[in-house]
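Fit chains B and C to the known structure of chain A by using the hints.
Protein chains in written order, with this note's numbering: chain A, 8 to 272; chain B, 8 to 272; chain C, 8 to 272.
By construction, these hints were calculated from the structure, which means they are not laboratory data.
Just so it is clear, the structure is predicted and the values come from calculations on it, not from any experiment.
Zero decoy hints are in this set.
Identical copies go unnamed one by one, so any copy, or any two together, can satisfy a pair.
Restricting the straight-line Cα-Cα distance to at most 30 Å, the calculated cross-link-like pairs of lysine-lysine (DSSO-like) are: (1) LYS207 to LYS126; (2) LYS20 to LYS173; (3) LYS173 to LYS207.
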Amino acid sequence: MPIITLTTDFGLKDSFVGTMKGVILSICPTAQLVDLTHEIPPQNILAGGLALWRAFPYFPAGTVHIAVVDPGVGTSRRPLAVRLGGQYLVGPDNGLFTSLYEEAEGRGWSIEIVHLTNKSYFLPEISRTFHGRDIFSPVAAHLANGVPLTEFGPPVPDPVRLSLPKPERLPYGWRAQVIGVDHFGNLTTNLPAAVLFAPKQTIVRLGRFEIRGVSATYGEHAPGELIALIDSENRLEIALVNGNAAQFTGAHIGDEVEVFDSPEG
Amino acid sequence: MPIITLTTDFGLKDSFVGTMKGVILSICPTAQLVDLTHEIPPQNILAGGLALWRAFPYFPAGTVHIAVVDPGVGTSRRPLAVRLGGQYLVGPDNGLFTSLYEEAEGRGWSIEIVHLTNKSYFLPEISRTFHGRDIFSPVAAHLANGVPLTEFGPPVPDPVRLSLPKPERLPYGWRAQVIGVDHFGNLTTNLPAAVLFAPKQTIVRLGRFEIRGVSATYGEHAPGELIALIDSENRLEIALVNGNAAQFTGAHIGDEVEVFDSPEG
Amino acid sequence: MPIITLTTDFGLKDSFVGTMKGVILSICPTAQLVDLTHEIPPQNILAGGLALWRAFPYFPAGTVHIAVVDPGVGTSRRPLAVRLGGQYLVGPDNGLFTSLYEEAEGRGWSIEIVHLTNKSYFLPEISRTFHGRDIFSPVAAHLANGVPLTEFGPPVPDPVRLSLPKPERLPYGWRAQVIGVDHFGNLTTNLPAAVLFAPKQTIVRLGRFEIRGVSATYGEHAPGELIALIDSENRLEIALVNGNAAQFTGAHIGDEVEVFDSPEG
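Isolated chain A (complex conformation) (with noise of 0.2 Å):
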C-alpha cells in the first residue's frame, strides 16, 4: 500500500482534489491517499513549499508527495519529478520545492530530478489549467507502481530555486523572519533553536513587543501571555497563550524578529 501525499492550493469546496484521487486510485488502486493541506492561500509557492518541508521527514520510504501550486499551469513551466533520498516529489518546477532541496543537500540525500516529458503517463487528454489531475496525479500513481524515475523523462540539472530568507548574524544575536502563520496564529520563525546560547536570559522582539526568555511549553504561563518557545520543528516561535498571537500582536508573514542574548545573560 504504497502513500501519496497532497498538497494544493484548491481548497475543499470544489471536488479537484477528489478527482486527482479517481484519477490515482484508476492507476494504483491500493494507494494510501494522505492531504497534506488542500488550504495553501492561492498561489503562495512559499506556503506550499513550507507545509510540505515540515511533514516530509514523517513518511516512510517510497512515499510519493504531489504538491500542486501552480500559477504557470499550461505555460512552459517544466512538470517535475524528483527522488529525494527515499521519498519522491511531483509538482511544478518553480521553486515550490527550494526547501527539500536545500535540506537534502545539508543532509546528504542522494537527489535525482527528472523534467516529466513522457506521455505516456499522462492522461490521454491534457488540459492547459488542470495538470494536477492530467499530468501529476498519474505520475505519481505510476511512480507509486514502482515505475523507475528515469522512465519519466530526462534528468534536470537546474531546478527553479527561489531565495527562501534566511536568519542574519547581529554583533549580539540575531535578525529573523516570520515564515508562517499557523491555525491557531503561532508565529512560526526561520530561527533554528540550536543558535540559542542561552535561552532563558534570550530576548525577543517582534515589533514592539519584547519578550524575555524562551520557554518550554505554553501550558507554563498564564493564558494571554505571549511567550517564545521552540517549536515541533526546533524553531524559534511566538504563541499567544490559549490565543491567537498574529491577531495580538499584527504581525504577518516576512516580518522581522531579533533576537539578543539578555545583557545579564
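Using the frame of chain A, we list chains B and C on its own:
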C-alpha cells in the same frame, strides 16, 4: 478495495462525515474512501450535482458515489441507488443526479435506478434527520461488497429531474450562464468549448465587462487581467489572472454570459 | 485494516494532521485513517468530546480513536490510552473523554485506562508542543498493530472528568442546555427524547422564542419556521427549516432551553 466517494453539504466542523465512514467501514472494511467535497452550500442541490458531475468521469468502474444534499430528509422523497454505465450513485431522489442522467443518456450508457426499500440493508434504527448515516452509507457499503442493485428495491422509471439552464443560440453567438464559482473565484459557464467557431476572435460579455479572445492558459497573461479560457471540463470559463474573478466582477451563479464571433472574425 | 480516527483542533490549513498520518502509516501501513473533525474550536475540550461521543457508536470493535484538544501539552498532564468495551481512545487526560466514560458506565462496558509512560512506543524525540505527532500517533498505531494496552504504562484509577451540564427536572417539565451548534446552525441540547411524555403537546422555550410541538422531520414544515425535533442521537434539537437556527435565535452553547408539557396536553 472498492472505492466509495462522499459528497455532502455537512461541512467539516462536526463529526457527521466521520460517522458515515464508521458505518461504511463496519460493513465494507477494505473500502477506499474519497471525499469529493463536504462544502456544498447548505441545501444547494445544483451545486452538489455539479461537483459530482465534474469528478465522476475520473473514477473507475465499480466506484460507488454517495451524495447527500437533502433538504427533504425524513419526508416521502425516495432514497435511490443508481447504476450509470459501470459506476453507482446513492442518494435522495431530488434532482441531485440530473446532470449525470443527461450525461449518461448523451453517451448511451446503460442506466438502472432503484427505490431503496429493502430495510435489511439499512441500519437497524432509522433516524428522521440523518439518512446519510442510516440509509445511504450502509447501502453504498453493501453495493461495494457486490450486492446486486435489484436487491435493494424496485425499479424507478421517473426519477426527479431539475430543469438545468442551457446555453441559447443567438443570431451571432450564444447566451450562456455562470453555473459555478470555484475556490479561486473562477466563473464556470455551461457553454461547451466545441461551439466556439474561432476562439481567438470570440468576444465574451459578462455584465459591463468585455473580453476579446479565448485564451489557452492563465500564464500567458499579466496578473490582474480578466480573461476567458477553456476550463478543464472543456467549458468556457472567466478568470482573473492570479486573482478572483467573482470578487472582481461581482458575478454570481445564474448570471448571463454572452459570446459573439467578432465582427472582424 | 485496523481503523484509526483523528479528532483535533488543528484545523486544515497546516500540514499537522498530515504529519500525524505519516507517523501512523510508518508504524501501521495498512491503517484505515478516518478524520472525525479537525475544526474543533481551539482548546475547546467540551466540543472535542461531543464530536467524538457522537461518532463513537458507529465504529466497529478494534477502532482506535486519537483525540487531541490539548491546551496543557508539554505540562504534567498525563497522556492516556483507554479501552471502552472493544474500542480504544488515545489522548490527553484533561476531561476530553468524560462523555464517553459516562456512556460506557451507563451501558456497563468494561473500561481500562493506562498512563502512557513506555517511551519505546513514542517517537525517538519528543517535542514539548506536538504530542499528537510524537506520542499519540505512534501509540495509536502500535495499539492498532495489536500491542496490548498494559504494555503502554500503568493503570489510571482517577482520570480527569469535566462536570458536564445535565438537564434538570422542573415541576412540569425540564430545564436543559444547548450543548452544540452544528454546521447547519441546528442547536443540539442535552435532553434525551425518552423523557418527552407527549412530543406533539410539548412546548419548548429558548429565550424569547416558544415552539409548540416536537416535529418528526424538517421537511414537514415551511422554510423559515423555527421547530423542535428529535435529532439523530435521540436528543431534543432546535432547527430553522432550510435556515440557520443559531443565527436566527442568537443562541449559544450553554443557553438554557425549557421544555413543558402543554397545559392542554
